[in-house]
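K.L.:
Protein chains in written order, with UniProt numbering: chain D, 1 to 467; chain V, 1 to 467.
By construction, these hints were calculated from the structure, which means they are not laboratory data. Just so you know, not all the hints are guaranteed correct.
Remember, identical chains collapse to one label, so a pair may be satisfied in a single copy or spanning two.
Mimicking DSSO-like on lysine-lysine, the simulated pairs with C-alpha atoms at most 27 Å apart in a straight line are [stated by the list, open to error]:
#, residue 1, residue 2
1, 86, 340
2, 190, 240
3, 189, 44
4, 315, 86
5, 315, 81
6, 315, 240
7, 44, 81
8, 44, 34
Protein chains: 2
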Amino acid sequence: MSLFRLALLSCALTFPAAALAQRVLPTPVAPDAKVAALRDAALKDDVAWDIVSGITTEIGPRPDGSAQEGRARDWAVAKLKSLGFKNVHIEPYDLQNVWERGAETAEVITPYPQPLRLAALGNSGATPPEGLTAPVVYFETINDLLLAPDGSLAGKIAFVSNAMQPTQDGSGYGSNGLARFLGPTVAAKKGAAAIVIRSIGTDHGRGPHTGVTNFAPGVAPIPAAALSVADAENLERMVKLGKPVTLHLTLTPKFVGTRPSGNVVAEVPGTDPKAGIITIGGHLDSWELGTGAIDDGAGIAITAAAAKRLMEAGKHRRTIRVVWFGDEETGGFGGIAYAKAHANERHALAAESDSGADMVWKFSTSFAAAAKPVEDRLAVALAPIGVVRGRDAVHGGTDVEPTLALGVAGIDLHQSALRYFDWHHTPEDTLDRIDPEQLRQNVAAWTAMLAVVADAPEEIAPAPAAE
Amino acid sequence: MSLFRLALLSCALTFPAAALAQRVLPTPVAPDAKVAALRDAALKDDVAWDIVSGITTEIGPRPDGSAQEGRARDWAVAKLKSLGFKNVHIEPYDLQNVWERGAETAEVITPYPQPLRLAALGNSGATPPEGLTAPVVYFETINDLLLAPDGSLAGKIAFVSNAMQPTQDGSGYGSNGLARFLGPTVAAKKGAAAIVIRSIGTDHGRGPHTGVTNFAPGVAPIPAAALSVADAENLERMVKLGKPVTLHLTLTPKFVGTRPSGNVVAEVPGTDPKAGIITIGGHLDSWELGTGAIDDGAGIAITAAAAKRLMEAGKHRRTIRVVWFGDEETGGFGGIAYAKAHANERHALAAESDSGADMVWKFSTSFAAAAKPVEDRLAVALAPIGVVRGRDAVHGGTDVEPTLALGVAGIDLHQSALRYFDWHHTPEDTLDRIDPEQLRQNVAAWTAMLAVVADAPEEIAPAPAAE
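Can you make the complete structure from the sequences, with help from the hints?
P.N.:
Following this line, the structure appears as structure tokens:
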């Protein structure tokens, strides 16, 4: 790979590739010593660790609609007030059709009897209390399941495997996650009694990866669970030995109706109400299996720690609003509730942190041309901590996507997802997975971003194509 | 990160995000047992290793316009003939203004005398034979160098540092490479006597990373070199201790005029001349410091090994043309010569392998709508070996970019670049950096791609936006 390749990597260039091709020198960006100082001080941050350590130790798992989630909101209010934020409050909303995990066990009955480890998927149906026993039908991928003839799975347990590779940009989750998202609906439509999938994860351990699935309207939920990667590979080997495999599966989750949830909101008030609010945050809820450290204790910690640094650096033009969203995992209802409640406010920007605690390696914005100088300054502010400029479409994430959809500009600070899917949605999502140095780099990236954006004189709006 | 995020990661989905949002099940792709069998057999390939081992052992470094490069062409012709390819021949062209590496040494004179390891950048100017001694002026980034006042570097050695982080998509090279690409021209315009940069690399060793630079028209080349990362960090620490730093620099490269180069071409003839040629390959040249194993012995090996597998599987609709391009490193003149020589031929596709030998993790195409079913089949064929579908703009790379610019469709089979820039353009680019298992996965990915594309009944053309 050579220099021409470099010029072609326009998605990653700090300066336009066209300038390289024409050998026109780019206009340099004036350095901002204040931004640099805030960024570098954040590399010694301890506030983010304090928050994520606190929420995992003092609360632990925070499933949506649960009493634990309620305690997490109260903890969050106290914590954000103690950090000095203004207007700290809960914005409550109701969650419909809340799903609660039950017992979950599985055993191979024949030909090689042994227990398997698995976890029900969110919104899974239940087996009878005593479980069900059925033959396994193996599919290498979701594509193969889609090709199965209608009715061919009647009375059987579909088993969909697909080996997920780690990717820095998390794109492996998109491809492989289809087995979790679509698999249960497809299997149910073809008559299956239940479905098990290989966990959507990149580890090789015994911790199964849960996560939500959704049954299409009119399709009755069937029992649906994810085997740990190790157990899925074991079951795959059994299937490939050629003898019929029979599984006994017990899942006893239930739907418990409507329960309260809520977003926790805190602010660093700005000086210019017309400049638009900067909404940042992560989500307070978590799956029950772990303690919600990387998903998403880290995200609430990083964004609040960065906002606190701006707060302590003096007054800024724009209000910085930290939102610890309630439901993210079961349908993104916290982000939807926020967007509805605040649709009439002027937002300059919305961004979230929800891919763990590993380093930010790339950023992208959806800024319109008038705000491109802001993006140029972001590139200069972020480069010294190893963050490259991307040209990717901005997605925001589940929490802020409904706000972006209102026509608000976004910034994605991409975290390395190379390790994230080893522990995501598993019992292994615990504090010790967080590298304190990388957590600090995240705080530095968010601090630098806020320092550039909060006082930018330019109007910040999204490019038409990004809306 | 949850399911909504999944649906939003549209760039990575095998099926359209819109289908997920609407809960419409995607149309499955019929499996192709022949493609799968070819792919899986390629996971045991030994031909690629034989080629890259051969070129690094029997030829070694192959700088552009050198006698070594000539010997590499002859070796290539013999190798491709022995592998059974048809129409094996050299397409010669001339390289103008060929640059030859000379002596290259540096020492800190004051205040902390010690030697530093560096390598001249391609097209660097020369110091006097006895070297030059001058004070160092430090710049953290290329942006800071651009901000230096005109004339402020007169009689001085500019030193540009920037810490490059590994990225799977190689985007760190684009951002940080600007110091190499633009730095020497900028420093020369501001009157500098010479420039040294931190190597554009992600390692922490003593092997400096060379690579080409280009001086803008009318700017006389100044001595320009890359310090190893370890030496650059040492020099940076010295500068930050506050005393003036003086460097003695000796670089004696020279321009040797016009020299012969050439592309080596081989074919697997197809049955339908109207279906368009599939051109694949890598580059035969390399920098002098290593042996050109990962850059790009691997690329010529992977593409030829895959083409040979198609050849042995019977007749195919489209001609597969393997091109081992001559000059890539000093200006992409091999790719330009190929595109000029073959501009009147109908190409269906052009693709190259030039990011080392680590696994293919993502693919993207520039296909127009009529060829989207081909892309769908590629997604299914590549998923089992861990390759996700991307929606990125296709760049091809230096070798095939001039061909793509003629209006030819492209496929990028993205290799993981996480380790590539540890050794790229250094003395450490040797055979032992190649993981045989990952090399085989590359052959499997290219074999699956060729198996899908070579016999596709659809017309393959690029989408208008991709041209």
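K.L.:
Now tell me if each hint is right for this structure.
P.N.:
Going through the hints against the structure:
no.	hint	verdict
1	86 x 340	within (22 Å within a copy, 66 Å between copies)
2	190 x 240	within (23 Å within a copy, 68 Å between copies)
3	189 x 44	neither (54 Å within a copy, 39 Å between copies)
4	315 x 86	within (13 Å within a copy, 73 Å between copies)
5	315 x 81	within (18 Å within a copy, 73 Å between copies)
6	315 x 240	neither (65 Å within a copy, 32 Å between copies)
7	44 x 81	within (22 Å within a copy, 61 Å between copies)
8	44 x 34	within (16 Å within a copy, 57 Å between copies)
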